[in-house]
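Enquirer: Model the full structure from these sequences, guided by the hints.
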Amino acid sequence: MAAKDLRLAAGGGQGLVQAVLLGLLLIFLFSLSRPTTELVSPQAAAAIFWLASAFGLVLVFNDLFSLEEAQGCRLGLLSSPVPEHAVWLGKGLAGFALLLLSQAVFLPAAAVFLGQDIKGDWGVLLLALVGVDWGLAALGALLGALAQGQGARESLFSVILFPLLLPVLLGGIRIFAGCFSGEPAMDQALWSGIIVAFDAVFTAAGAFLFPFLYTGEE
Amino acid sequence: MADADTATGAGTGPEPEGDVRLAVSGVGKFFGSRLVLRDVSVSARAGEALLVVGGNGAGKTTLLKIMAGLCRPSAGTVDLRVAPEASAYLGHATFLYPRLSAQANLLFWGRMYGFAPSQEAIAAVLSRVGLSRVGDEPAGTFSRGMAQRLNLARVFLIGPKLVFLDEPGTGLDPASQDLLRREIIALKASGAAVVWVSHHLNSDLPLAERVLFLKDTRAAYFGPAEGFDAGGLTC
Chain F
46 MAAKDLRLAA
56 GGGQGLVQAV
66 LLGLLLIFLF
76 SLSRPTTELV
86 SPQAAAAIFW
96 LASAFGLVLV
106 FNDLFSLEEA
116 QGCRLGLLSS
126 PVPEHAVWLG
136 KGLAGFALLL
146 LSQAVFLPAA
156 AVFLGQDIKG
166 DWGVLLLALV
176 GVDWGLAALG
186 ALLGALAQGQ
196 GARESLFSVI
206 LFPLLLPVLL
216 GGIRIFAGCF
226 SGEPAMDQAL
236 WSGIIVAFDA
246 VFTAAGAFLF
256 PFLYTGEE
Chain L
-8 MADADTATGA
2 GTGPEPEGDV
12 RLAVSGVGKF
22 FGSRLVLRDV
32 SVSARAGEAL
42 LVVGGNGAGK
52 TTLLKIMAGL
62 CRPSAGTVDL
72 RVAPEASAYL
82 GHATFLYPRL
92 SAQANLLFWG
102 RMYGFAPSQE
112 AIAAVLSRVG
122 LSRVGDEPAG
132 TFSRGMAQRL
142 NLARVFLIGP
152 KLVFLDEPGT
162 GLDPASQDLL
172 RREIIALKAS
182 GAAVVWVSHH
192 LNSDLPLAER
202 VLFLKDTRAA
212 YFGPAEGFDA
222 GGLTC
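Residue numbers (our numbering), protein chains in the order written: chain F, 46 to 263; chain L, -8 to 226.
The reader is advised that the hints may include incorrect statements.
[Stated by the list, open to error] Subject to a maximum C-alpha distance of 20 Å in a straight line, what follows is the list of computed DMTMM-like cross-link-like pairs (lysine to aspartate or glutamate): (1) L:LYS179 to L:ASP157; (2) L:LYS206 to L:ASP30; (3) F:LYS49 to L:ASP127; (4) F:LYS49 to L:GLU128.
FYI, nobody ran anything at the bench for these hints, they're computed from the structure.
Expert: If you want it as structure tokens, here you go:
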């Protein structure tokens, strides 16, 4: 499932391209909002980075779930013996990979346009990136199923998704701010714990609830 | 016209248990407050085709989805007597990813059914449905008829023991419809039970062993195809 989704995303899928372009636009626009003589604070730069990632997440998962809608493939998946959990895991892994790929563009863009440098521990930054991204992907794969087939898919998806993502996004912002400034946050361990805990909650919720959302009767 | 009093299995004799691939008992279905199916009991046997007919809105597609596990019944039970990977569903939608080639589509669906089909197996089913020459072309470039042939190839690849067909001939040219009928005969010959929703009663009835006629949300007739009088049925 994940391999198929990544192949389709790489071979003309619009979600990844749109996510990267929107994220870059956000970072660029925020860079224009600062006075020319001042730098964006590490905290603000981290917030902009994760905001770009969160918007990208919506576009990526809308694209991934729309792949199953065009020719009724969702019905095909449901009529196959593959468990619904496997669909959730496949979508989650594909979304996770695509999110990482888009962030590989956002991070240098944040360095260039927002005047940031990674002064802290790269290991901590990468661990935080993976931890937060898994939480985003686990919840994105769950709620992408909720919003599919709805007329107001994008808005419904965003409205439900963003409030739930706040804990992991805040964790990512705090840890990234520490890595940008070179002064690790005092509460880094606390935020790392929050990220891991919410990853576990989102993963459990995804595995348990996805079949109910995805098998909705037509 | 078939008489409702002769319905629901009268005259079909006791079912040989080993042959029954699907047994539906007392199934009913509400969509909201609207009743679309009421107390339908039917079975499908190995090597036979069960033709499901009825007018528009009679509940044929709903019943097929309930049988295939794609829709929950409001009442009654569905006893599927084959493994999940041994049943296949073919409906109006083609279940194809337009940007994947025909071969890649078959490979993906094979994996979804728990096996990795060999190139030879994929080539064989593509040849069977007359799509050998376009196997590496994106499915999105196919006509409706070619896409439905590829969908049929997906079913053959799975090698099912129970097949659900929902008006599979819709949009097909006469040659493709002939191919479809030949392959339904082949499926039956391989021992598969075929449950088949159709609007083409005159041409499809001779291929069926039994008929379920749905009328006014009920099973108005369930019995041998040979004794089914379709008079007055406008599909």
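Enquirer: Check each numbered hint from earlier against the structure, then list the numbers of those it violates in ascending order.
Expert: As far as the earlier hints go, not one is violated by this structure.
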